[in-house]
Amino acid sequence: MTAAPPKLALRDIAKSFPTRAGPLNVLDGLSFDVAAGDFVSIVGPSGCGKTTIFNIIAGLLAPDRGILAFDGVPIAGLRGRVGYMMQKDLLLPWRTVLGNVVLGLELRGVAAAEAADRARRYLGLYGLAGFENAYPRALSGGMRQRAALIRTLIVDPDILLLDEPFSALDYQTRLYLEGVLIDAVAEFKKTVILVTHDIDEAVALSRRVIVLNRRPATVRAIHDIDIGRQSPVAARGHPEFRSYFKILCNELEIQTGRGGE
Amino acid sequence: MSCALARAADTAVGRVAIQLGLVALLLALWQIAVGTGAASAFLFGSPAGVARIFWLRLADYSLFYDIWITVYEAMLGFVIGTAAGSLIGLALWYSRFVARTVEPLIVAFNSVPKIAFAPIVILWFGTGLYSKVALAISLTAIVALIAAYQAVKDADPDLLSLLLTLGAGKNQIFRKVVIPSALPGIIATFRINVGFGLVGAVVGEFISSQRGLGHMVFTASSFYDLDTVWLGLFVLMAIGFLLYFIIDIIERRLLPWKMDQQRAELHV
Numbered sequence: 049m050t051a052a053p054p055k056l057a058l059r060d061i062a063k064s065f066p067t068r069a070g071p072l073n074v075l076d077g078l079s080f081d082v083a084a085g086d087f088v089s090i091v092g093p094s095g096c097g098k099t100t101i102f103n104i105i106a107g108l109l110a111p112d113r114g115i116l117a118f119d120g121v122p123i124a125g126l127r128g129r130v131g132y133m134m135q136k137d138l139l140l141p142w143r144t145v146l147g148n149v150v151l152g153l154e155l156r157g158v159a160a161a162e163a164a165d166r167a168r169r170y171l172g173l174y175g176l177a178g179f180e181n182a183y184p185r186a187l188s189g190g191m192r193q194r195a196a197l198i199r200t201l202i203v204d205p206d207i208l209l210l211d212e213p214f215s216a217l218d219y220q221t222r223l224y225l226e227g228v229l230i231d232a233v234a235e236f237k238k239t240v241i242l243v244t245h246d247i248d249e250a251v252a253l254s255r256r257v258i259v260l261n262r263r264p265a266t267v268r269a270i271h272d273i274d275i276g277r278q279s280p281v282a283a284r285g286h287p288e289f290r291s292y293f294k295i296l297c298n299e300l301e302i303q304t305g306r307g308g309e
Numbered sequence: 003m004s005c006a007l008a009r010a011a012d013t014a015v016g017r018v019a020i021q022l023g024l025v026a027l028l029l030a031l032w033q034i035a036v037g038t039g040a041a042s043a044f045l046f047g048s049p050a051g052v053a054r055i056f057w058l059r060l061a062d063y064s065l066f067y068d069i070w071i072t073v074y075e076a077m078l079g080f081v082i083g084t085a086a087g088s089l090i091g092l093a094l095w096y097s098r099f100v101a102r103t104v105e106p107l108i109v110a111f112n113s114v115p116k117i118a119f120a121p122i123v124i125l126w127f128g129t130g131l132y133s134k135v136a137l138a139i140s141l142t143a144i145v146a147l148i149a150a151y152q153a154v155k156d157a158d159p160d161l162l163s164l165l166l167t168l169g170a171g172k173n174q175i176f177r178k179v180v181i182p183s184a185l186p187g188i189i190a191t192f193r194i195n196v197g198f199g200l201v202g203a204v205v206g207e208f209i210s211s212q213r214g215l216g217h218m219v220f221t222a223s224s225f226y227d228l229d230t231v232w233l234g235l236f237v238l239m240a241i242g243f244l245l246y247f248i249i250d251i252i253e254r255r256l257l258p259w260k261m262d263q264q265r266a267e268l269h270v
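Top line first, the protein sequences correspond to chains D and Z. Per this note's numbering, residue 49 is the first one in the first sequence, and the count goes up by one each step. Per this note's numbering, residue 3 is the first one in the second sequence, and the count goes up by one each step.
Source of the hints: derived by calculation from the structure; they are not laboratory data. The model shown is predicted, which means the values in this text are computed figures rather than measured ones. Ideal Cβ placement from N, Cα and C applies to all residues, glycine included. Do not rely on the hints blindly, as some may be mistaken.
[As the list claims (entries may be wrong)] Only part of the chain D face toward chain Z is listed, based on derived beta-carbon distances under 10 angstroms:
{"#": "1", "residue": "LEU108"}
{"#": "2", "residue": "ARG127"}
{"#": "3", "residue": "GLY131"}
{"#": "4", "residue": "MET134"}
{"#": "5", "residue": "TRP142"}
{"#": "6", "residue": "ARG143"}
{"#": "7", "residue": "LEU155"}
{"#": "8", "residue": "VAL158"}
{"#": "9", "residue": "GLU180"}
{"#": "10", "residue": "ARG185"}
{"#": "11", "residue": "THR221"}
{"#": "12", "residue": "LEU223"}
{"#": "13", "residue": "TYR224"}
[To be verified] Using 20 angstroms as the maximum straight-line C-alpha spacing, the simulated EDC-like pairs for lysine to aspartate or glutamate come out as follows:
{"#": "14", "chain 1": "D", "residue 1": "LYS136", "chain 2": "Z", "residue 2": "ASP160"}
{"#": "15", "chain 1": "Z", "residue 1": "LYS172", "chain 2": "D", "residue 2": "GLU180"}
{"#": "16", "chain 1": "D", "residue 1": "LYS136", "chain 2": "Z", "residue 2": "GLU105"}
{"#": "17", "chain 1": "Z", "residue 1": "LYS260", "chain 2": "Z", "residue 2": "ASP158"}
{"#": "18", "chain 1": "D", "residue 1": "LYS237", "chain 2": "D", "residue 2": "ASP206"}
{"#": "19", "chain 1": "D", "residue 1": "LYS55", "chain 2": "D", "residue 2": "ASP165"}
{"#": "20", "chain 1": "Z", "residue 1": "LYS172", "chain 2": "Z", "residue 2": "ASP158"}
{"#": "21", "chain 1": "D", "residue 1": "LYS136", "chain 2": "D", "residue 2": "ASP86"}
{"#": "22", "chain 1": "D", "residue 1": "LYS237", "chain 2": "D", "residue 2": "ASP204"}
{"#": "23", "chain 1": "D", "residue 1": "LYS136", "chain 2": "D", "residue 2": "GLU212"}
{"#": "24", "chain 1": "D", "residue 1": "LYS294", "chain 2": "D", "residue 2": "ASP274"}
{"#": "25", "chain 1": "D", "residue 1": "LYS237", "chain 2": "D", "residue 2": "GLU180"}
{"#": "26", "chain 1": "D", "residue 1": "LYS136", "chain 2": "Z", "residue 2": "ASP158"}
{"#": "27", "chain 1": "Z", "residue 1": "LYS260", "chain 2": "D", "residue 2": "GLU180"}
{"#": "28", "chain 1": "D", "residue 1": "LYS55", "chain 2": "D", "residue 2": "ASP119"}
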């Protein structure tokens, strides 16, 4: 028997966008694997194509070249099977918290009563009980992002794609939500890919960090973060935390430095 | 001092009292100007004359009849035109090709003063109800169409992406994101279109009719009966005002999520 294929594999993915000045190569031969249950962070200089990678995995964009494989089977994209979270909470302002949380279930044709039951259970689990009938605008940023996290988890996606989900929140709220995320990921055994600018967050949350090069994005380095799964606050106090942080900083500083070209 | 006074009067009742006071003042000035001969009653009419005509037309019910006719024409045109325009505008979301193709045609049609169609509309639809409704439709439909299409184009692309990642199909995205996010823009046109509905009805009546407020105003002015002309205009104003508030109520009903703002008012 051979070893199980990775949960998700990107092989030689390329994508360019037409611009007035000619095609802009955003990705050119990007490859990496994500194992089942892995928590991978992608860091890199801004504008290096991280969101494009997510859009390809999510099936919103077709790559020009390369293969995307899920459980060893080539696929066009994981549309309908990923949980996508962005910096914006993307709650529908015309729906109540409950209405927003059931959105994914509703789209899958789950009966309304059953969906609402499930949503109430999740809302209770994540401290949003009592806010079922509130509209998003009445909630704080942290609560809105928590509702977005519930909406993401409730459909039981194969992979979570998190595109700087906490970067608009204050530090305290961010630490709290990072903890909520880590617990949820452990409980529901999710595979996670997190895009972040925040090296600190990448080290505290991930098992592996992928560092990308400047556009066109290719993998510069992959670091295993070996500080064990613990709360994001405890992880930041781990003796190894500083050294990982330093390594990643150095790697990114070289790329973002003015003389780097 | 004046500031303190303004603050004391700044309640719902206080404001209405001041507003009514201003209207009364204007009417009084008008009456005095006509009474002293400073202005010609023949050319300007007078509030007392308007009131007299008002009672006469109430007493023989002819005012109610004219109001009913005009409101009926305007509402029919408003509802049909706004509904048809909004639906077409929404539907244009489905096909970028169709939308881009017809967009310049819509802009071209919109740039024609629709009132200029009135003579043709009378030829086609006769001098009765249909011509007024048709005119009101031509005014309201295009406004609703352009507003709805613009609102649809303004739907947040990130929300559309979110729905796609959740596995939604095009129809689901249309129903769950595009329509609700376009609704405020569409309802905003209701306010404008209520007025345009009245414009269509009254202009239609100006050109050819035997009844309605437009007919009343038009025939009265040809007899230099300024009191009746003013009465017609004041009644039209009152109708427009009332319809505006009805739209307000509809908006609150349809957009509860926009209405529950509980933030403190900011005083600058």
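Status of each hint after checking the structure:
1. LEU108: Status holds, d = 6 angstroms.
2. ARG127: holds (6 angstroms)
3. GLY131: The hint holds - GLY131(D) has a Cβ within 10 angstroms of chain Z, the shortest such distance being about 8 angstroms.
4. MET134: Holds, because the Cβ-Cβ distance from MET134(D) to chain Z comes to roughly 7 angstroms (cut-off 10 angstroms).
5. TRP142: holds (5 angstroms)
6. ARG143: Result: holds, 8 angstroms to nearest chain Z Cβ.
7. LEU155: Status holds, d = 5 angstroms.
8. VAL158: Violated, because the Cβ-Cβ distance from VAL158(D) to chain Z comes to roughly 12 angstroms (cut-off 10 angstroms).
9. GLU180: Violated, because the Cβ-Cβ distance from GLU180(D) to chain Z comes to roughly 14 angstroms (cut-off 10 angstroms).
10. ARG185: holds (7 angstroms)
11. THR221: violated (20 angstroms)
12. LEU223: violated (25 angstroms)
13. TYR224: With a closest approach of 23 angstroms, the TYR224(D) hint is violated.
14. LYS136(D) <-> ASP160(Z): holds (9 angstroms)
15. LYS172(Z) <-> GLU180(D): Outside the cut-off at roughly 28 angstroms; violated.
16. LYS136(D) <-> GLU105(Z): Status violated; Cα separation ~32 angstroms.
17. LYS260(Z) <-> ASP158(Z): holds (17 angstroms)
18. LYS237(D) <-> ASP206(D): Given pair LYS237(D), ASP206(D) holds - Cα atoms ~10 angstroms apart, limit 20 angstroms.
19. LYS55(D) <-> ASP165(D): violated (31 angstroms)
20. LYS172(Z) <-> ASP158(Z): This hinted pair holds, its Cα atoms lying about 15 angstroms apart.
21. LYS136(D) <-> ASP86(D): It is violated: about 24 angstroms lies between the C-alpha atoms, which goes past 20 angstroms.
22. LYS237(D) <-> ASP204(D): holds (10 angstroms)
23. LYS136(D) <-> GLU212(D): Roughly 9 angstroms between the alpha carbons, so the hint for LYS136(D) and GLU212(D) holds.
24. LYS294(D) <-> ASP274(D): Distance of about 15 angstroms is within 20 angstroms: holds.
25. LYS237(D) <-> GLU180(D): Cα-Cα ~26 angstroms, so violated.
26. LYS136(D) <-> ASP158(Z): Roughly 11 angstroms separates the two Cα atoms, so the pair holds.
27. LYS260(Z) <-> GLU180(D): This hinted pair holds, its Cα atoms lying about 17 angstroms apart.
28. LYS55(D) <-> ASP119(D): Holds - the C-alpha atoms of ASP119(D) and LYS55(D) are around 5 angstroms apart, at most 20 angstroms.
The structure is inconsistent with the numbered hints 8, 9, 11, 12, 13, 15, 16, 19, 21, 25, although it conforms to all the rest.
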